[in-house]
Amino acid sequence: MRDWLMGGGILLVAALFLGLMAGAGAFTADRAQALSYLSDDPQVCVNCHVMREVHTSWERSSHRNVARCVDCHLPHDPVGKWVGKAIDGWNHSVAFTLQNFHEPIQLKPRGRAIVEQNCVNCHIDLVHGIVHARTGAGAHASLPAGKRSGISCLHCHLDVGHGQ
Amino acid sequence: LQNVAQRQAEAREVAFRVVEITEDTYESSVWGRNFPLQYDTFMRTEEYGVETPFGGNVPYEKLDKYPQLRIMWQGFPFELSFREDRGHHWFLFDQRQTRRVQERAQPGSCLHCHSSVVEAYRIAAVQAGLPVEKIHTEEALRKGFDAINAMPWAEADTLVRNPLACIDCHEPQTMRLRITRPSLKDGLVKLANSDDPVPHLPSIERWRAGDRRVPYDANRLASRHEMRSMICAQCHVEYYFDRPPVRTLIFPWSEGLKVEQQLQHYDNYGWRDWTHPRAGSGQMKVQHPEFELWSQGPHANVACADCHMPFERVGAVKITNHHARSPLLNIRQSCQTCHNVAEDELKRRVVTIQTRTAALEKKAKDAVVELIAAIESAHQAGATDEALNEARTLHRSSQFKVDWIFNENSRGFHAPQESARILAEAMNEARKGILSAHKAEAAAKAAGQ
Amino acid sequence: LQNVAQRQAEAREVAFRVVEITEDTYESSVWGRNFPLQYDTFMRTEEYGVETPFGGNVPYEKLDKYPQLRIMWQGFPFELSFREDRGHHWFLFDQRQTRRVQERAQPGSCLHCHSSVVEAYRIAAVQAGLPVEKIHTEEALRKGFDAINAMPWAEADTLVRNPLACIDCHEPQTMRLRITRPSLKDGLVKLANSDDPVPHLPSIERWRAGDRRVPYDANRLASRHEMRSMICAQCHVEYYFDRPPVRTLIFPWSEGLKVEQQLQHYDNYGWRDWTHPRAGSGQMKVQHPEFELWSQGPHANVACADCHMPFERVGAVKITNHHARSPLLNIRQSCQTCHNVAEDELKRRVVTIQTRTAALEKKAKDAVVELIAAIESAHQAGATDEALNEARTLHRSSQFKVDWIFNENSRGFHAPQESARILAEAMNEARKGILSAHKAEAAAKAAGQ
Ligand SMILES: [Ca+2]
Ligand SMILES: [Ca+2]
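Protein chains in written order, with my numbering: chain A, 171 to 334; chain B, 16 to 464; chain C, 16 to 464.
Any given hint might turn out to be false.
The following residues of chain B were derived to be distant from chain A, with all beta-carbon distances above 12 Å [what the hints assert, rightly or not]:
id	residue
1	Glu153
2	Lys333
3	Arg364
4	Thr408
Ranges between beta-carbon positions, derived for each pair [what the hints assert, rightly or not]:
id	chain 1	residue 1	chain 2	residue 2	range
5	C	Ala169	B	Ala461	34 to 44 Å
6	B	Val356	C	Val229	40 to 50 Å
7	C	Arg347	A	Pro279	10 to 20 Å
Hints are computed from structural coordinates only; laboratory data are not their basis. Quantities reported herein were computed from a predicted structural model and do not represent experimental measurements. Ideal Cβ positions, reconstructed from N, Cα and C, are used throughout, including at glycine.
Working from the sequences, and respecting the hints, build out all of it.
Structure (C-alpha cells):
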C-alpha cells in the first residue's frame, strides 16, 4: 500500500498540502520528510522527537496491533480524513516551527472529538446500546459519540491509546 | 473490508423491540422483555447477605453495633431500629417492616423514595381534580406528591405496588434518564439559587450565569453525565418533612450542599425534627447524604453510575450493570478502567480511608454522648435554660455533623478530607459544649448555696 | 529556519563531557559545565519573592501572621523567629542569619541539612583518625557526622562553604542518586525494623520479608523511583538532637512514620525538647515532616521529584527541572503529565484542600492556647502536679499534632484526609485537657477553703 501512495494519485493532494504549507514551512516541510506525512504509517509521526513518547506508549498500549495513530486521530470517512490531514499538517508545521505549543501536548477539542467518534466507529457493535439508547419505531438517527450523545468514551478509557 | 458506515447500519437493529413500552408500563418485567440483559442485572438487587469491611448488604441492626446511637436519637423513631441498607429490590419491603413505621406515625412522604411511586402520584393527581389528559405531565407528579405527602403513611402505602422500577429513572420511548421525583426538582432549584459553587454540575453554573428567568430544570438542562448522578439524588440525600398538615418532603439545599449550609437552612427556618428528652436541645436526624458528600470529594466529576452501575460486557454487547451495590464487590468494573491498579491495592486504599473515618466517628460520638449527659446533669442541678443555651446550640450542631458523616453510606470514601473535617468540627463543638454545661452547672450550684 | 536540523542534532549530543568530575568536586559550577541545562534550572533556586495562596518563597515572619505560635513555642528558640521557607540556594544563608542561631546556642547537627556538608564530614573524619584512603567511604561520612554533631554550631559553621550542591544527591561518575546523609540512613533502618506498613516503599517491604541479617541500606536496595523521594527525606523530615554531649541528629522513626508512632518513639525514650514555662508540660517542636505526611497520602506512589523536580523539554532534550519550588508555580510540568485537567481547575483543587486544612489548624491552635492558659491558671490556684498530669499529657500530645500539620509545608495537600484526621485528634485532646485542668483547679479551690 505504501508504494501505491508514493507513486500514484497522491500528487493532487500533495499539491494541496504543500500549498497549505507554502507560506511558512517550505524548508521545514522538506527536511521533516513532509511527503511521508501523507502516509498512514505510525513511523511517520515519530519523525518528530516530540511524538516519540506517544509513539512508545502506543507501542505498549492495548491498541498497538489493532489501531495505528491515524485510525484514532484522523476521521475515518475518506473526505474527512484528507481534510483532517491538511489541517493537522498545517497546525503541526506551524507549532513545530514556532515551538509555541502547550506542553505537555494535549488533545484540543477538535482532536478529541475525532478520537471519540473513532472509538464508536470501531466499537459500534459493542457500544451501540449505550451510545444512543434509542428504541422503538422511528428511532432517531444514531447519535455520534461525544457532544451530542453525551457519552465520552475517554471519560473512562483515557489510556487506551497511550497506556499510563 | 466492510466499511464503517455499513456496519453502523447493521448495529442499529441490535435492540429489537419485542413489546411496546409506554408511560403506563409500570411493571419492570415488561421493560425487561425489551432489555433482558439490563433487567437480569437489575433483578440481582434482590441478593443480600454479603459484607464489606464497612458496607455491603447484610441488614444488621446498627443500634446494637453502635449503642451510642440510641442515646443520640432518644425521642425520635430512629431509636427503635436503624439497619444497614441493602438492594433496591427491598426498599418497599424494608420500609413496611421497620419498627419506625410499625410503632410510630409516619407521613405518606416516605413513599417518595421507598416505592415506584410514579403511578400512585398520577392517580392521586387525577383524583385531586387534575384533567386526565394531563396524567403523564410533571404537573401530575407534583399534584400527586402534594396529596400523598399529606396522607398518613398506612393510607398512602395502599396506593403503591412496587419497589424501584425502570420507569422511576427512564423515559419509556427514548430510555433517556429523567428525574421523576418532585423533591429533587425543588432541591435543585434551591441549590441553583444559592451561592454554593458546584463546579461538578456545569448545567447549574451555566443556568446561574443566564438570566434566571425560568427556574432551573434538570430534565431540560442537565447533561447525560450529570443525570448519571442526579437520578440517585432523588433519594440518596438528607431530607425532612415540613410541618403538618402538608408534611412536604424537602431537601434542605437553599444555602448549598455543605453540612454547615444545610444547618443554616434549618436554622433560618427555625426547624427541629424533635427535642432531645435528656438534653432539651432542638435536634435534626440526618439521613444518607450521599449526593451531598460525594459533591465535596475528589470523585465529584465521576458519576454515581460510573462506580455503582458500571458498564459490563455481556457477550458482544456492552450494557449498564443495574446491580447497584458496594463497588468493592465489583472492583474490576467499578474502578479499574480509570485506575490501572491491582484490585487488592484499590480495596486497601478504600479501607484505609474508611478506617480513618470510623476512628474519628467513634470519638465524635463519645463527645456528643458526654455532652448530652453534661447538659442533663446541669439542668438537674438547676441550671437555667438561658445558661444552657450555648451548650444546647453546640449539641444541635455537633450531633448534626456526626449524623451527617455516620449516616452517609460510604464511611467517608465519597469525600475523605471533608468527612474528617466535619468530624473534627463536631468533636471541637461537642467538647466546647461540655465545658459550657459544666460552667452552667457550677454557677447553678454556687447560686443554690 | 534550520531548526529541524538543529533539533535533530541536539537530540543526539545530550551528555558531552567537558570536565572530569570526581568525589572531590564539591563545587556545583564545575558539575554545571558538564550539565549546563540542569545547572541553569538548579541555580534558579536563588529566585524568591513569589507567593502562592498557602506557600511560595516570600520569607515572611510566620510568628507575626500566626501569633498563637509564640505562646505554643514559648521557652524554645522557635519563639524568636520562624519564616516561610524559600529556595535551596538560601538554606545556609538563612540558617546563619536566623535569630534561632544568633541568640541561642545550637549544635553542629543543624548543618546536616543546612549545608553541602559532605566535604566537612570527610575532613572531620580524617582529623578524628580515619585513614585518609577511606575518605570517600560511607564510614567517613558517619565519623564526620558524629564529630560535627557534637561541635557548637559556630565552630561547625566554619567547616562548611556551600548550600545544596550536586554532590549532595549525585554520585559523580554515574550521576546516580545516592543518600549522603547519615540521619536518613539511620532513620530508614529504624523504619524497616518497625511494623508500620509502607506499601509505597517496596524495597523496605522486600527487606522485611528477607532474613534481615544485613541492615536495610537504601543506596543498595532502593529503586530509582524510591530514590526520587528518599533524597528529599534527608532533610524534609521531623527530627531531634539527642542529649548533649553527642547531640546526634535523629529521625524518630523506630515505631513508624505516622504522627502517633513518632510520639510513641519520644515517649519510649522519655524525651522532651523543652518544658513549656507556662504549662509545665514536656513538649517537642515538630519541623517539616513532608516525607512522613506525603507517605500517608494519595500521592505516596508519586515521587517528590515528580512534582517538585518535573521533566522539562529544552529543545530536543528532556531534563529534570532542578528548580525545586511550589508546584503551583509550574502546574503544566508538575501536574498535567498525569492529570489531563485545566491548570486553574488543578489549582482550585489544591487550594480547596489547603483551605480546609487552614480552617482546622486555626481551631486546633485556639484549643491548644486555651489549654496552656487553663493549666497555668489551675497551677496558680494550687493544683498539684499529680492533678495536672492528665492535662499536661494531653497538651504534649495535642500540640505535637498541631505542630506536625502546621509546620508541614504543603498545608495538608500531601495527605488531605490524614491532615484533617490529625487536627481532629489534636482538637479533641486539647479540649479534653482544658476540661481536666478546670477540674484540677476546682478541686484545688475546694481543698483550699
Ligand atoms: Ca433529615
Ligand atoms: Ca523535632
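Here is how each hint holds up against the structure:
No beta-carbon of chain A is positioned within 12 Å of the beta-carbon of B/Glu153; the least distance is around 21 Å. For B/Lys333, the requirement that its beta carbon stay farther than 12 Å from each beta carbon of chain A is not met, with the minimum near 5 Å. Residue placement check: B/Arg364 keeps its beta carbon more than 12 Å from all beta carbons of chain A (closest about 19 Å). With a least CB separation of 44 Å from chain A, B/Thr408 remains clear of the 12 Å interface cut-off, as annotated.
For the pair C/Ala169 and B/Ala461, the beta carbons lie near 58 Å from each other, so the given range of 34 to 44 Å is not met. Between B/Val356 and C/Val229 the Cβ separation comes to about 32 Å, which falls outside the hinted range of 40 to 50 Å. Roughly 19 Å separates the CB atoms of C/Arg347 and A/Pro279, a value that falls within the hinted 10 to 20 Å.
Comparing the model with each numbered hint stated earlier shows that hints 2, 5, 6 do not hold.
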